[in-house]
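Student: Following the hints, put chain B in place on chain A, whose structure we already have.
From first to last, the protein sequence lines stand for chains A and B. Residue numbers for the first sequence follow the working numbering, beginning at 1 and rising by one. Residue numbers for the second sequence follow the working numbering, beginning at 1 and rising by one.
Mixed in with the good hints, there may be bad ones.
Derived contacts from chain A toward chain B, CB cut-off under 10 Å, selection only [claimed, not checked]: (1) ILE73; (2) LEU84; (3) LEU86; (4) GLY193.
Straight-line alpha carbon distances no greater than 20 Å define the calculated DMTMM-like cross-link-like pairs of lysine to aspartate or glutamate that follow [what the hints assert, rightly or not]: (5) A/LYS80 - B/GLU4; (6) A/LYS8 - A/GLU121; (7) A/LYS80 - B/ASP110.
Ranges of calculated distance between the beta carbons of each label pair, as one might list FRET restraints [unchecked claim]: (8) B/MET1 - A/HIS136: 24 to 32 Å; (9) A/GLY17 - B/VAL201: 36 to 44 Å; (10) B/ALA29 - A/ILE118: 41 to 49 Å; (11) A/LEU112 - B/LYS54: 48 to 56 Å; (12) A/TYR215 - B/ILE14: 31 to 39 Å; (13) B/TYR181 - A/PRO116: 54 to 62 Å; (14) B/LEU123 - A/MET23: 54 to 62 Å; (15) A/PRO116 - B/ILE21: 53 to 61 Å; (16) B/LEU123 - A/GLY114: 27 to 35 Å; (17) A/ARG56 - B/ILE21: 41 to 49 Å; (18) B/ALA111 - A/ARG56: 24 to 32 Å; (19) A/TYR120 - B/ALA111: 21 to 29 Å.
Source of the hints: derived by calculation from the structure; they are not laboratory data. Don't be surprised by glycine CBs; every beta carbon is placed ideally from N, CA and C.
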Amino acid sequence: MGFEVLLKGNNALRLLGGLGVAMYISMISVVISITLGIILGMLMTLKNPVINAVSRVYLEIVRIMPQMVLLFIVYFGATKILGLNLSAEVSAVIVFSFWGTAEMSDLVRGALTGIPAIQYESSMALGMNRLQTYIHVIIPQIVRRLIPLSINLITRMIKTTSLVMMIGIVEVLKVGQQIIEANRKSSPNAAFGIFATIFILYFLACYPISCLSKYLEKKWEN
Amino acid sequence: MDFEVIVSYLPLYIKAFMLTIKIGWIGIALSLGIGVFCAFVLHFRIPVLSAIVKVYVELFRNTPLLVQLFFVYFGLPKIGISISAEACGAIGLGLLGGSYMTESFRSGLDAVPVSQTESALALGMRKGQLFSNVILPQAVTLSVPAVVANLIFLLKETSVFSAISLMDLMFTAKDLIGLYYNTTECLFMLVIFYVVMLLPVSILGTVIEKKTRFKMFGD
Chain A
1 MGFEVLLKGN NALRLLGGLG VAMYISMISV VISITLGIIL GMLMTLKNPV
51 INAVSRVYLE IVRIMPQMVL LFIVYFGATK ILGLNLSAEV SAVIVFSFWG
101 TAEMSDLVRG ALTGIPAIQY ESSMALGMNR LQTYIHVIIP QIVRRLIPLS
151 INLITRMIKT TSLVMMIGIV EVLKVGQQII EANRKSSPNA AFGIFATIFI
201 LYFLACYPIS CLSKYLEKKW EN
Chain B
1 MDFEVIVSYL PLYIKAFMLT IKIGWIGIAL SLGIGVFCAF VLHFRIPVLS
51 AIVKVYVELF RNTPLLVQLF FVYFGLPKIG ISISAEACGA IGLGLLGGSY
101 MTESFRSGLD AVPVSQTESA LALGMRKGQL FSNVILPQAV TLSVPAVVAN
151 LIFLLKETSV FSAISLMDLM FTAKDLIGLY YNTTECLFML VIFYVVMLLP
201 VSILGTVIEK KTRFKMFGD
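The following block holds chain A by itself, in its conformation from the complex (with noise of 0.2 Å):
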């Protein structure tokens, strides 16, 4: 079937290591799309036209165009056209976090303009200042539906990072490449193997995310 070729040399660790390079490329970028779709998403709800408009605009860039093509467009485009000379590992960043900001910014408006006006007039009513309104009432429901939706967002994004081997970035598929042609004559089979354990890994790496966030959205659930 293929798979006793994971146990000769180290091939099941080199596999691994392939993993972790799209882990890695996949966290940085979670952290700067976090981070930047929270500002973004707190600018949207300003209501100030120009933002707006730009935002739009930008929402339905990432909407349309496949991530593919981004990549394609930064890591060749940038160098044709700019004269940047980007590594792989740093345009994959790019648009990775480019995509993740958007989808981010996405879901902070909407739990941002989510929360009913009564949660302010009624905390208005029992005599709270703005401080405390959104200390006490408002952030902990808009931390409560943000937190499991991040989440999701980063097994989509390392899910979305498989596409950087189309750039050259040697990652678990590439590895997984490598180890099929160097033991094409000993173990013909090996592609069978070797694409079944990285379709188990990817299921191992997201599966256990996808449900911490499925839990925290039904605990938190009202």
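Tutor: Here is chain B on its own, set in the frame of chain A:
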């Protein structure tokens, strides 16, 4: 930007565009079918089947399409199952989309309040009537936004097909860049074609979302 280059590449891009659309929509049709079927299985808690559906949904929602395609296209032939690149793309997209559509339809079905079922039963409706006249219309409207988001997501995912050497837009652009180094023109055309493919879906989706939105009782 050289317009002669753009004109000379146009036929290649149009061919790739047609292929992308063809496989994209076959995959989407497949995913809608799988999604509706699996959502019913989950909603009615059909024994055995619903356990299988649950595993399928989790497995495909938590792995990237690229990995799924590599497994089906390069892995499966080693155990005797050979599939052409085009079929592989459509099936891969169908399976991935199916798992997302299942979730959307199921949450639509589950979101119809219990009071609706109870009221319908109190009015003397039979099970069949209750389902086709009360539950289904509401469930469909409730799942529209998620389904539209899935459609756009799936059409975008078609760009991954280039990895299994399917001659789609992405592959054509990559190929031409590698052959002639007209990077700017190739990327420009790539963007234009994706806009042509996805902007109408995005706009139409927003319109449909607005049209189907209705006030729930007590809203």
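Student: Hint by hint, say whether it matches the structure.
Tutor: Evaluated hints:
The interface hint given for A/ILE73 is met, as the beta carbon of that residue sits about 6 Å from the closest beta carbon of chain B, less than 10 Å. Using the Cβ-Cβ criterion of 10 Å, the hint placing A/LEU84 at the interface with chain B is not satisfied: the shortest such distance is roughly 13 Å. Taking 10 Å as the C-beta contact cut-off toward chain B, the hint placing A/LEU86 at the interface is violated, the least distance being around 14 Å. Annotation: interface hint on A/GLY193 holds; nearest CB of chain B at approximately 8 Å, less than 10 Å.
For a cut-off of 20 Å, the pair hint linking A/LYS80 to B/GLU4 stands: about 19 Å separates their Cα positions. At most 20 Å may separate the alpha-carbon atoms for a hinted pair to count; A/LYS8 and A/GLU121 exceed this at roughly 67 Å. Distance check on the hinted pair: A/LYS80 and B/ASP110 sit about 51 Å apart at the alpha-carbon level, beyond 20 Å; violated. Remark: the range hint 24 to 32 Å for B/MET1 to A/HIS136 is contradicted by a beta-carbon distance near 57 Å.
A beta carbon spacing of about 39 Å between A/GLY17 and B/VAL201 agrees with the range 36 to 44 Å that was offered as a hint. For B/ALA29 and A/ILE118, the hinted distance range of 41 to 49 Å is satisfied, since their beta carbons lie about 44 Å from each other. Restraint check, A/LEU112 to B/LYS54: a C-beta distance of roughly 34 Å breaks the suggested window 48 to 56 Å. At roughly 48 Å, the beta-carbon separation of A/TYR215 and B/ILE14 lies outside the given 31 to 39 Å, and the hint is violated.
Look at B/TYR181 against A/PRO116: about 57 Å separates their beta carbons, and that is inside 54 to 62 Å. Remark: the range hint 54 to 62 Å for B/LEU123 to A/MET23 is upheld by a beta-carbon distance near 55 Å. In this structure, A/PRO116 and B/ILE21 break the distance hint of 53 to 61 Å, their C-beta atoms being roughly 42 Å apart. As the Cβ distance of B/LEU123 to A/GLY114 is approximately 34 Å, the hint placing it in 27 to 35 Å holds.
Taken as a hint, the range 41 to 49 Å is violated for the pair A/ARG56 and B/ILE21, whose Cβ atoms sit roughly 26 Å apart. B/ALA111 and A/ARG56 have their C-beta atoms about 28 Å apart, which keeps the hinted 24 to 32 Å range intact. Take A/TYR120 and B/ALA111: their Cβ atoms lie about 27 Å apart, and the range 21 to 29 Å holds.
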